[in-house]
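With chain A's structure known, arrange chain B on it following the hints.
Sequence lines, in order, name chains A and B.
Residues in the first sequence are numbered from 1 upward in steps of one, following this note's numbering.
Residues in the second sequence are numbered from 1 upward in steps of one, following this note's numbering.
Calculated from the structure, these hints are not laboratory results.
Ideal placement from N, C-alpha and C gives every residue a C-beta, glycine not left out.
Just so you know, not all the hints are guaranteed correct.
Per the computed footprint, the stretches of chain B lying under chain A, defined by three or more beta-carbons under 8 Å from a beta-carbon of chain A, are [claimed, not checked]:
id, stretch
1, 20-30
2, 96-107
Selected chain A positions facing chain B (in silico; Cβ < 10 Å) [what the hints assert, rightly or not]:
id, residue
3, His192
4, Asp193
5, Lys196
6, Gln197
7, Arg198
8, Ala201
9, Leu204
10, Leu206
11, Leu209
12, Gly211
13, Arg212
14, Leu226
15, Leu229
16, Arg230
17, Thr233
18, Gly267
Chain by chain, the residues:
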Amino acid sequence: MDRVRAGRWFALLTMTRILGTFVAIGLLLGHRVTTYDVPLAAFTVAWSALTLMLFGRSARLRAAPAAWAVDVLAALALVCASGDWRSPFYIFALTTLVLPATGLPWRGAVASGVAFSAAYAGVAVITRKIPSDTLLNTIRLETLATHLFVPVIVVLALAYAGALLDRLRAAREESERLVLQAERRRIAWDLHDSAKQRVHAAHLMLSALEGRLADGDDRVLAGHALSELRAATADMETSVAELRTPLDGRPVDELLRERARELAPIGHARIDVVGALAPLPPLLAAHTFRIASEALTNAVRHARSDTITVTLDPTHGGGELIVADDGVGLPDPPPAGGHGLRSMRGRAETIGAHLEIGPAPGGRGTRVALALPTPGGPP
Amino acid sequence: MIRLLIVDDHPAMRAGLTAVLRAEPGLVPLATASSAEDLDMAIQRTAPDVVLLDYHLPGADGLRLCRRLKRLAPAPAVLLYSAYADSSLVIPAVLAGADGLLNKSAPAPELFDALRSVARGERVIPPIPRELLAGASEQLAAEQLPVLAMMIDGTPPAEVAETLRLSPGAFSRTLDDMLDRLRVEVPSAA
Numbered sequence: 001m002d003r004v005r006a007g008r009w010f011a012l013l014t015m016t017r018i019l020g021t022f023v024a025i026g027l028l029l030g031h032r033v034t035t036y037d038v039p040l041a042a043f044t045v046a047w048s049a050l051t052l053m054l055f056g057r058s059a060r061l062r063a064a065p066a067a068w069a070v071d072v073l074a075a076l077a078l079v080c081a082s083g084d085w086r087s088p089f090y091i092f093a094l095t096t097l098v099l100p101a102t103g104l105p106w107r108g109a110v111a112s113g114v115a116f117s118a119a120y121a122g123v124a125v126i127t128r129k130i131p132s133d134t135l136l137n138t139i140r141l142e143t144l145a146t147h148l149f150v151p152v153i154v155v156l157a158l159a160y161a162g163a164l165l166d167r168l169r170a171a172r173e174e175s176e177r178l179v180l181q182a183e184r185r186r187i188a189w190d191l192h193d194s195a196k197q198r199v200h201a202a203h204l205m206l207s208a209l210e211g212r213l214a215d216g217d218d219r220v221l222a223g224h225a226l227s228e229l230r231a232a233t234a235d236m237e238t239s240v241a242e243l244r245t246p247l248d249g250r251p252v253d254e255l256l257r258e259r260a261r262e263l264a265p266i267g268h269a270r271i272d273v274v275g276a277l278a279p280l281p282p283l284l285a286a287h288t289f290r291i292a293s294e295a296l297t298n299a300v301r302h303a304r305s306d307t308i309t310v311t312l313d314p315t316h317g318g319g320e321l322i323v324a325d326d327g328v329g330l331p332d333p334p335p336a337g338g339h340g341l342r343s344m345r346g347r348a349e350t351i352g353a354h355l356e357i358g359p360a361p362g363g364r365g366t367r368v369a370l371a372l373p374t375p376g377g378p379p
Numbered sequence: 001m002i003r004l005l006i007v008d009d010h011p012a013m014r015a016g017l018t019a020v021l022r023a024e025p026g027l028v029p030l031a032t033a034s035s036a037e038d039l040d041m042a043i044q045r046t047a048p049d050v051v052l053l054d055y056h057l058p059g060a061d062g063l064r065l066c067r068r069l070k071r072l073a074p075a076p077a078v079l080l081y082s083a084y085a086d087s088s089l090v091i092p093a094v095l096a097g098a099d100g101l102l103n104k105s106a107p108a109p110e111l112f113d114a115l116r117s118v119a120r121g122e123r124v125i126p127p128i129p130r131e132l133l134a135g136a137s138e139q140l141a142a143e144q145l146p147v148l149a150m151m152i153d154g155t156p157p158a159e160v161a162e163t164l165r166l167s168p169g170a171f172s173r174t175l176d177d178m179l180d181r182l183r184v185e186v187p188s189a190a
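The following block holds chain A by itself, in its conformation from the complex:
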């Protein structure tokens, strides 16, 4: 259905229907098929234009079996009106199969072709144009068989082409994904193998130097430089983690449920993830997930709690995320940079979100609340 909704096959419908219309009008006016050829030709043009306009405008209509059925019935009515199943409207009628053949899975597509052929056989019976010797007359039999089998063949060919295109598209997406993944791994490797090793080397040399400095300003300065280098290493580790396991556009709640399942065997707390957030831009989603994941890991590892609840609320501003546990709570005074709190604050700052870490209501446990920025609001 996505295929017809996307309108990829609408061009084929347009071309074949215009062709079918021309064939029908040409035969009607050139061969004087009925006594009302001109009004029939006019109706054909009008119907053709109307259906193309409606199918062209509405993706919902393109994917609606009821609309297809109306289209088929109209075409068969035209065949009946022409008085014979060997009709100027045969090609026109075949064009009604384009949407079902490309929109349905192949079984459904084949079924629609068979149903069309059965209906066409019905029309042949109604128009009383099947002489009794048809089964003995090769040419008549061949004409009837052609009229009845062509729809099935058309449908099969279209369905096959559609499936093939889908597979091709999936293969291309997969190869693009693999290329992207390889590239990410390479960047992660560069970052890890080169940049981080240099930072480690600098840290090592500076720490050796620090030992030789007398107590005083120089030593304090070296201490600050060392802590900066350690922070840089931590940053790089985070980036490597993000490059290795990107979120790939998956929703935050799904990722958190997965994380909760991973963490469940480690502690003995029950972890509930409630609700979902509205779809977030990739960067916002990545930081939101990592903050929540860090909070969740802390709750599991350090809080000694029985239950941990992650609540996702899309209605509150740009969205709100709360991780609450009923454990031992934060140490007093709370650790300045420990437990990944610094990295959580840094992430919140990066995305312009408001992060609150404190005791849970009721005084037992810890509550981490992240209020996401309103989309389009001040950064």
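Same frame as chain A, but now just chain B:
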């Protein structure tokens, strides 16, 4: 005087380590190696007391190298030096027979202490978190658990093999299998 061999594939790390260790009294960096092939040559040439071995070398697994070093007679002490701040490396390091495991972000005095400790025959292994041990025992086969327990306890590998009545070959294969089961995912250029 402790004679050292430094094995690290990164030039900055090799240069930094050499400079820092040379300035420390009692520690003598004899040579550096950047790959497994270099290491073989350097070992023969220098016969160090302690090998400071990078956990992750391109084209070689630090753990396998560590096992190979510990099979030499006499075997040098091995201090595995890792850039991953991940405690999941501890158990594999212990199984590989490393005398110590140190993170590359540790300040220099900590590195000096670790080198001196392993040279004295002591072990410098960080504490193993309970959840990690639980995870490892799930990944290992039941009959491998005694090996894990004894190795963590610091029993010499030869004694572990003897206690469990394993031939040296069988014991070596068991360790290989255990390390495979506990293989730690590291980002690779592949």
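Evaluation of the provided hints:
Chain A is given as covering the stretch 20-30 of chain B, and this holds because 3 residues of the stretch bring a CB closer than 8 Å to a CB of that chain, at least three being needed. With 3 residues bearing a CB less than 8 Å from a CB of chain A, the stretch 96-107 of chain B meets the requirement of three and the coverage assertion stands. Hint status for His192 of chain A: holds, given a least beta-carbon distance of 6 Å to chain B, under 10 Å. With a least beta-carbon distance of about 7 Å to chain B, the hint placing Asp193 of chain A at the interface is held under the 10 Å criterion.
Taking 10 Å as the C-beta cut-off, the interface hint given for Lys196 of chain A holds, the closest approach to chain B being about 6 Å. Evaluation of the Gln197 of chain A hint against chain B yields a held restraint, the C-beta minimum of about 4 Å falling below 10 Å. The criterion of a C-beta within 10 Å of any C-beta in chain B is met by Arg198 of chain A, whose closest approach is roughly 5 Å, and the hint holds. The beta carbon of Ala201 of chain A is positioned within 10 Å of a beta carbon in chain B (closest approach about 3 Å), and the interface hint is therefore held.
Using the Cβ-Cβ criterion of 10 Å, the hint placing Leu204 of chain A at the interface with chain B is satisfied: the shortest such distance is roughly 5 Å. With a cut of 10 Å, the hint placing Leu206 of chain A at the interface with chain B holds, because the nearest CB-to-CB distance is about 8 Å. Among the interface hints, the one on Leu209 of chain A holds; its C-beta lies about 8 Å from the nearest C-beta in chain B, closer than the 10 Å criterion. Restraint check, Gly211 of chain A versus chain B: the minimum CB separation of about 6 Å is within 10 Å; hint holds.
Given hint, Arg212 of chain A at the interface with chain B, holds; its Cβ is 9 Å from that chain's nearest Cβ, closer than 10 Å. Because the smallest distance between the Cβ of Leu226 of chain A and any Cβ of chain B comes to about 7 Å, under 10 Å, the interface hint for this residue holds. With its C-beta approaching chain B no nearer than about 8 Å, Leu229 of chain A sits inside the 10 Å limit, and its interface hint holds. Contact between Arg230 of chain A and chain B, as hinted, is supported at the beta carbon level, the nearest pair being about 6 Å apart and thus within 10 Å.
This hint holds: Thr233 of chain A has a C-beta 5 Å from the nearest C-beta of chain B, less than the 10 Å allowed. Satisfaction of the interface hint for Gly267 of chain A is found here, the shortest Cβ-Cβ separation to chain B being roughly 8 Å, below the 10 Å cut-off.
Going down the numbered hints, you'll see the structure goes against none, and every one checks out.
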